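Given the sequences, and given the hints that come with them, work out the whole structure.
Heads up: the sequence lines are chains W and Z, in that order. Going by the numbering used here, the first residue of the first sequence is number 1, and it counts up by one from there. Going by the numbering used here, the first residue of the second sequence is number 1, and it counts up by one from there.
Keep in mind that the hints were calculated from the coordinates and are not lab data. These numbers come from a predicted model, not from an experiment. Ideal Cβ placement from N, Cα and C applies to all residues, glycine included. The reader is advised that the hints may include incorrect statements.
Stated by the list, open to error - Have a look at the derived ranges for each label pair, beta carbon to beta carbon:
id	chain 1	residue 1	chain 2	residue 2	range
1	Z	A215	W	N407	30 to 40 Å
2	W	V41	Z	F112	21 to 31 Å
3	W	Q60	Z	Y105	38 to 48 Å
4	Z	L309	W	Q358	51 to 61 Å
5	Z	T41	W	W25	54 to 64 Å
6	W	R217	Z	T41	56 to 66 Å
7	W	A197	Z	A43	36 to 46 Å
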Amino acid sequence: MNALSSTAIADFETRYPEVFNPPLWKRFMPLFIAAGIVLYVAYCWWFFSIGTVIAGGQWQRAELYARDWISYAVKATVKMTPEATTVSYPRFSELGDNPNPDWIVKADNNITVRFGSGKALDINDQQVVATRGGESLTILIEPDGAKPQGPLPKWAALKEDQVTVNFGFAGQADIIPQRVVISRRFLGWANFIFDTASPFWNKSLGEVASMIVSGERIKPEMSNAALAFDNIWYNASWQHGDVWTKLLQTIVMAFMGTLLATLVSFPLAFVAARNIMPNFFANQITKRFFDFLRSVDMLIWALFFTRAFGPGPLAGISAIFFTDTGTLGKVYSETLENIDDKQREGVKSVGASPANVQRYGVVPQVLPVFASQALYFWESNTRSATIIGAVGAGGIGLKLWEAMRTNTNWHNVAYMVVLILIVIFIFDNISNALRSRLTGKQG
Amino acid sequence: MSQAISAELSPDGIQIERHWQELATRRRAYSWLIGICLLVTVAGSLWFANESNAGKFFDRLPHFFDFAGDLVPRDGWEVWRALFDLPSPYFDGSLKYDYPEGRVYLFGGFYFPEYFYKMLETLNIAILSTLVGFIFGFFFCFLAAKNLVRNGLVRGIVRRFMEILRAFPEIVIAGFFAAILSLGPIPAMFAVGIHTIGALGKLFFEVVENADMKADEGLRAAGANWFERVGFGIVPQVMPNFMSYALLRLEINVRASTIIGAVGGGGIGEELRLSIGRGHQAKTLAIVLLLLVTIIAVDQFSAWLRRRLVGNQAFAFGGKQS
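Below you can see the structure in the form of structure tokens.
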């Protein structure tokens with residue numbers, strides 16, 4: 001390899017000054033951009049006081065909320081008196097009206113609560129013994145408070161007169177004088193199919209099937225199958241019926257909104273396209289109309305129509321219809337302006353009427369593109385219909401938002417999210433399959 | 001007609017003709033069937049939407065025109081007065097015409113109305129979350145590209161991760177963070193930002209996979225390591241496209257943060273929802289005007305910058321949420 005001579009180097013430098021001696025601002029451009037970004041982030045940090053908000057957030061709750069997505073807690077209270085130790089459950093317990101769970105074992109005046117392997121709570125009227133992973137803690141119950149004996153292990157905490165024992169995911173117990181409040185957590189969704197009020201509750205699949213097929217009528221006015229369906233549909237905690245109806249509303253909103261937008265923007269796009277409608281004013285007016293519909297955001301339309309039609313899917317349909325007429329109209333008219341003119345000329349040259357020129361010279365060229373665009377918008381609207389629902393425009397959005405605002409129904413949120421994801425997945429695939437058939441290649 | 005044709009055709013030709021007729025009939029039948037199915041679906045959908053709506057379409061239509069009529073300003077200056085929050089001659093002691101609440105005083109008696117500040121808030125949410133999405137998407141996309149990472153497991157994990165970020169409804173992320181941080185712009189930022197990471201990451205790695213690998217080959221021949229190959233071989237090629245996609249995303253995010261704002265994320269969206277709900281017509285129009293101008297300005301700016309960066313190639317879709 002030959003090294004370059006110094007004259008050759010000097011020659012290169014004089015020939016390409018912009019490469020070897022770029023202006024200062026160009027040389028330090030990346031640095032300026034990075035500095036600008038840092039400054040902007042610092043400004044936003046101050047503007048939104050991000051630091052304060054994040055520091056003030058209750059991050060320990062994040063874990064609890066995330067846990068509620070896939071699990072449920074059963075609450076129980078153990079009351080200790082010298083005469084008897086009793087267990088009571090809240091009125092609407094997940095375990096039904098007469099709970100007798102196998103993780104609570106009664107023997108005379110002693111109660112043992114099991115929290116999985118190696119974790120247990122032994123309760124009598126004098127003391128509570130908590131065991132976790134080989135360690136155990138004895139807590140004496142005295143009138144002025146719970147008194148832990150010996151050093152506290154990491155999983156227990158003393159606060160004034162009560163001791164909280166933490167068993168990790170399996171649950172926790174608050175030991176308060178004369179009573180122990182237990183929260184025992186299980187993986188899964190409680191009473192997902194039948195709620196505790198249903199006669200089919202807590203029965204195995206086989207039992208339910210035999211009751212439906214050959215059992216005596218539980219309610220004289222309807223068959224057992226109808227009753228079972230009714231119980232599932234109106235499940236008090238999961239509200240399957242309501243959730244599915246709202247989900248259907250969301251789907252209908254996206255479908256009807258996109259369909260109407262396609263039908264309206266199709267003829268308007270012909271008016272807006274320069275090469276098809278040679279009238280300048282007609283072009284400009286239609287195009288600006290599309291711009292207006294598009295730029296007045298979907299949110300604004302949704303709020304307007306919610307106010308006008310009342311909350312519900314009509315508002316959502318109208319909002320999607322208005323916004324997407326604008327967007328689709330723009331896309332369609334741009335497609336029309338880029339068509340191949342030869343086919344139109346051919347049809348025109350054989351003496352076809354103007355309508356026939358469009359029908360046979362233009363539409364066959366653009367129809368696959370138009371349909372694939374419409375499908376793409378349908379798919380994307382299925383996603384956005386969820387969110388405009390939250391402002392009142394119908395569908396599952398509002399239900400989702402309300403479930404989240406209660407802070408306790410995260411399992412319902414998880415259920416709805418799963419349903420939404422399934423719907424989006426199915427519609428994505430339908431739309432992709434149709435589009436790749438239309439355009440003849442993988443879309 | 002068909003009689004005349006068949007008279008001239010050979011026996012083979014007649015068979016072909018008959019076959020073609022059969023195919024055409026079948027095709028027409030399918031078209032009709034699909035058309036009828038579609039019609040039934042549409043009718044059912046409309047009926048269902050109307051039934052489950054709080055107000056029925058034809059009952060509410062007059063109210064719709066009333067509402068639209070109420071919005072018409074009483075004189076040419078009303079909207080402008082509302083926009084700059086100047087004293088209104090209709091002032092009746094309520095907050096309907098003058099909006100002293102939330103005025104931002106810059107110095108002395110000079111102020112700008114609350115919703116300018118809120119608009120700035122929404123814009124900042126959009127810009128910051130696009131920035132966050134860009135930075136994370138930038139780092140993730142190279143790990144998901146087939147031509148840079150041979151390990152299918154790493155690629156698969158990164159791609160699935162981005163898919164989850166993208167598919168998860170924004171509103172759920174916003175709600176989850178609102179439960180931790182309380183309502184406000186920061187949960188909105190989290191929601192929009194997280195979605196943006198997924199959306200941009202996907203577009204970015206597709207760009208990287210289509211990059212010209214000759215530069216990379218040259219660098220590899222000279223003994224460059226992976227980071228040098230990416231940094232000097234790929235990044236300069238893909239950067240204009242990345243920027244163009246990020247700008248498109250910015251347009252989408254301005255709209256998304258307005259919507260999330262209306263749900264409870266603060267910003268102009270919430271202001272608009274409250275204004276419509278309380279029947280402050282002039283203020284509603286002022287906010288709509290402000291939003292319209294901002295959105296058009298952002299779209300135009302982004303289109304101009306994209307045209308400078310990549311020419312006309314990145315104009316396949318108008319600002320559309322994916």
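For each hint, the structure was consulted:
In this structure the hint that A215 (chain Z) and N407 (chain W) lie 30 to 40 Å apart at CB is violated, the actual value being about 53 Å. Distance hint for V41 (chain W) and F112 (chain Z): a CB-CB separation of about 24 Å, consistent with the stated range 21 to 31 Å. The hint said 38 to 48 Å for the Cβ distance between Q60 (chain W) and Y105 (chain Z), and at roughly 39 Å that hint holds. At about 36 Å, the CB distance of L309 (chain Z) to Q358 (chain W) disagrees with the hint of 51 to 61 Å.
At about 60 Å, the beta-carbon gap between T41 (chain Z) and W25 (chain W) stays in the expected band of 54 to 64 Å. Taking 56 to 66 Å as the suggested C-beta distance range, the pair R217 (chain W) and T41 (chain Z) does not conform, at roughly 37 Å. A hinted range of 36 to 46 Å holds for the C-beta pair A197 (chain W) and A43 (chain Z), which are about 37 Å apart.
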